[in-house]
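Student: Protein chains in written order, with our numbering: chain A, 1 to 280; chain B, 1 to 163.
Just so you know, these hints were derived from the structure itself, not from any lab.
Nothing here was measured: the structure is a model prediction, and the numbers come from that model.
Do not rely on the hints blindly, as some may be mistaken.
As the list claims (entries may be wrong) - With the Cβ distance kept under 7 Å, some of the chain B side facing chain A (calculated, not the full set):
id	residue
1	Glu-4
2	Thr-54
3	Ser-135
4	Gly-136
Stated by the list, open to error - Distance ranges between label pairs, derived from CB positions:
id	chain 1	residue 1	chain 2	residue 2	range
5	A	Ala-216	B	Gly-100	56 to 64 Å
6	B	Gly-59	A	Gln-13	44 to 52 Å
7	A	Glu-52	B	His-121	24 to 32 Å
8	A	Thr-42	B	Gly-59	29 to 37 Å
9	B	Arg-157	A	Ala-140	48 to 56 Å
Beta carbons are placed, not taken as given, at the ideal position from N, Cα and C, and that holds for glycine.
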Amino acid sequence: MIYSPKSISNAVQILQDDPDAQILSGGTDFMVEVNFGHRAPTSVLSLRAIKELCTWSQQDGVIRIGSALPYAQMETGPLAKLLPALAQAARTVGSPQIRAAGTLGGNLGTSSPAGDSLPVLYALDATIIIATATGERRMAVKDFMVGPKRNALSKGEIITAVELPASTGYQGYSKVGVRNAMVISIASACLVHNPIDRSVRLAMGTVGPTIIRASAAEKWLGEECDLASASSITPAICAEFGRRCGDESQPITDHRSTAEYRRHAVSVITSRLLERCAAS
Amino acid sequence: MSLENQSYTLRVNNKSLDVQDAWIGESLLYVLRERLGMPGAKGACEQGECGSCTVLLDGEAVCSCLVLAAAATDADIRTVESIGDGQTLSDVQQAFVESGAVQCGFCTPGLIVAVENLLTHNPRPTEMQVKEALSGNICRCTGYGRIFDAVSVAVARRTGVSQ
Ligand SMILES: Cc1cc2nc3c(=O)[nH]c(=O)nc-3n(C[C@H](O)[C@H](O)[C@H](O)COP(=O)(O)OP(=O)(O)OC[C@H]3O[C@@H](n4cnc5c(N)ncnc54)[C@H](O)[C@@H]3O)c2cc1C
Ligand code: FES
Ligand code: FES
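Bound-form chain A, shown alone (with noise of 0.2 Å):
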């Protein structure tokens, strides 16, 4: 049975009744799993009819993304100026037709380590809310991803939207692969800066079996620089920034990179991404 409900309170009420449906967004993820016999759907909930999950809006500095707003929509235009960061690691997925179907729910929903939009998530400590039989709860993104491929959605819960607060400085992401186009990241990276609170956050992505925030770097940094301001970072500080990050991260070696490059590249990236934040 194929469901497609207008609306989240609908959505919700079939898994009720019927526990089995596998939810679907863009189906980048879900049908390769389908078509390669990994995945085979007795019923299917189609998030694509509810309107509201398919936008996105902005009040008092919160901007709330709806979990099913194709990637292709954050890439340029407001939402593109409002979360910059969000914007580079959508204009890293796939192709643009992959971008076209993609979507913030199906990155949670997998909880892949190298899922591009999920450091942005971690940088911005994002919040995640969720639709449950009895009503909503929000979670903390750090708290939602528990390991490769998985998190903390129970069954019968959808995500509904994440909500981010709007840059207020420098923002960038920045991801390693084999190429441009089409490429599944060998290690990633998203720095946030705050000259508000005086902070720098740091998430790295496909160094670990979740996405890593770099808590002890984030702290040196902001014991060694005033980050009031961008003009304090100078490059040894971004050298030295770098290494600690490399430090944090808790690579693995697979059959797309080892150990040893990941650890190199996220150092690289990151010390990269302080750079490119004291330049801008």
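Given chain A, put chain B with the ligands in place with the hints provided.
Tutor: Then chain B with the ligands, alone, in the frame of chain A:
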């Protein structure tokens, strides 16, 4: 596990087409080719990597291999069969032929849809924009040079600018 089947109607190239008693997990690519007799979209990787199955879904180019057909009943689906009238070629198709952008031809339908989609949204794309727009379409024969030439020819003719 019992696999469920369902009958539904798709709107493809402005026609309502019935799909009878089909497994709900079938991709739009499969349904178009195997159930609706439209072999224009090609299947190679079935994992979104090659773009040879590109169709327009509500005006956006997507991989039909990653669309669950039974969940696309409310969508406006356009395939390569809607481009050109079957007798004469569209300007983009003509430009591909003239520029030698078609060798084995397997990637061509997906590229035609992707180029039509690009030029609808952006009639005067830069070279980078063309490369970006076609980055999800793999061609194993041409080395892409002639494909980019074909796009330039089509752009020049549509915008009336000589090359
Ligand atoms: C060719 C190709 C290239 C790719 N390249 C990249 C890349 O560069 N970077 C990257 O990060 N990813 C990439 N991906 C993976 C994929 O595109 C992303 O993970 C995307 O964000 C998935 O979103 P979707 O809407 O398509 O999810 P779907 O495939 O619809 O769903 C994925 C999973 O999440 C669950 N789910 C979806 N929405 C919800 C929700 N609202 N609530 C609860 N569960 C939900 C589904 O049940 C399913 O288990 C690529 C995929 C392909 C096929
Ligand atoms: S067959 Fe769909 S992208 Fe290759
Ligand atoms: S012409 Fe053969 S794959 Fe492109």
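Student: Each hint: holds or not?
Tutor: To see whether the hints hold, each was checked on the structure:
1. Below 7 Å, beta-carbon pairs count as interface contacts, and B:Glu-4 has one with chain A at about 5 Å; its hint therefore holds.
2. Annotation: B:Thr-54 was flagged as interfacial toward chain A, and the flag holds, the nearest CB pair being 6 Å apart, inside 7 Å.
3. Look at B:Ser-135: its Cβ gets to within about 4 Å of chain A, closer than 7 Å, so that hint holds up.
4. Using the Cβ-Cβ criterion of 7 Å, the hint placing B:Gly-136 at the interface with chain A is satisfied: the shortest such distance is roughly 3 Å.
5. As the Cβ distance of A:Ala-216 to B:Gly-100 is approximately 57 Å, the hint placing it in 56 to 64 Å holds.
6. Between B:Gly-59 and A:Gln-13 the beta carbon distance is about 31 Å. The supplied range of 44 to 52 Å is therefore violated.
7. Checked against the hint of 24 to 32 Å, the C-beta distance between A:Glu-52 and B:His-121 comes to roughly 26 Å, which is consistent with it.
8. For the pair A:Thr-42 and B:Gly-59, the supplied restraint of 29 to 37 Å holds, since their beta-carbon distance comes to about 32 Å.
9. Taken as a hint, the range 48 to 56 Å holds for the pair B:Arg-157 and A:Ala-140, whose Cβ atoms sit roughly 54 Å apart.
In summary, the one numbered hint that this structure violates is 6.
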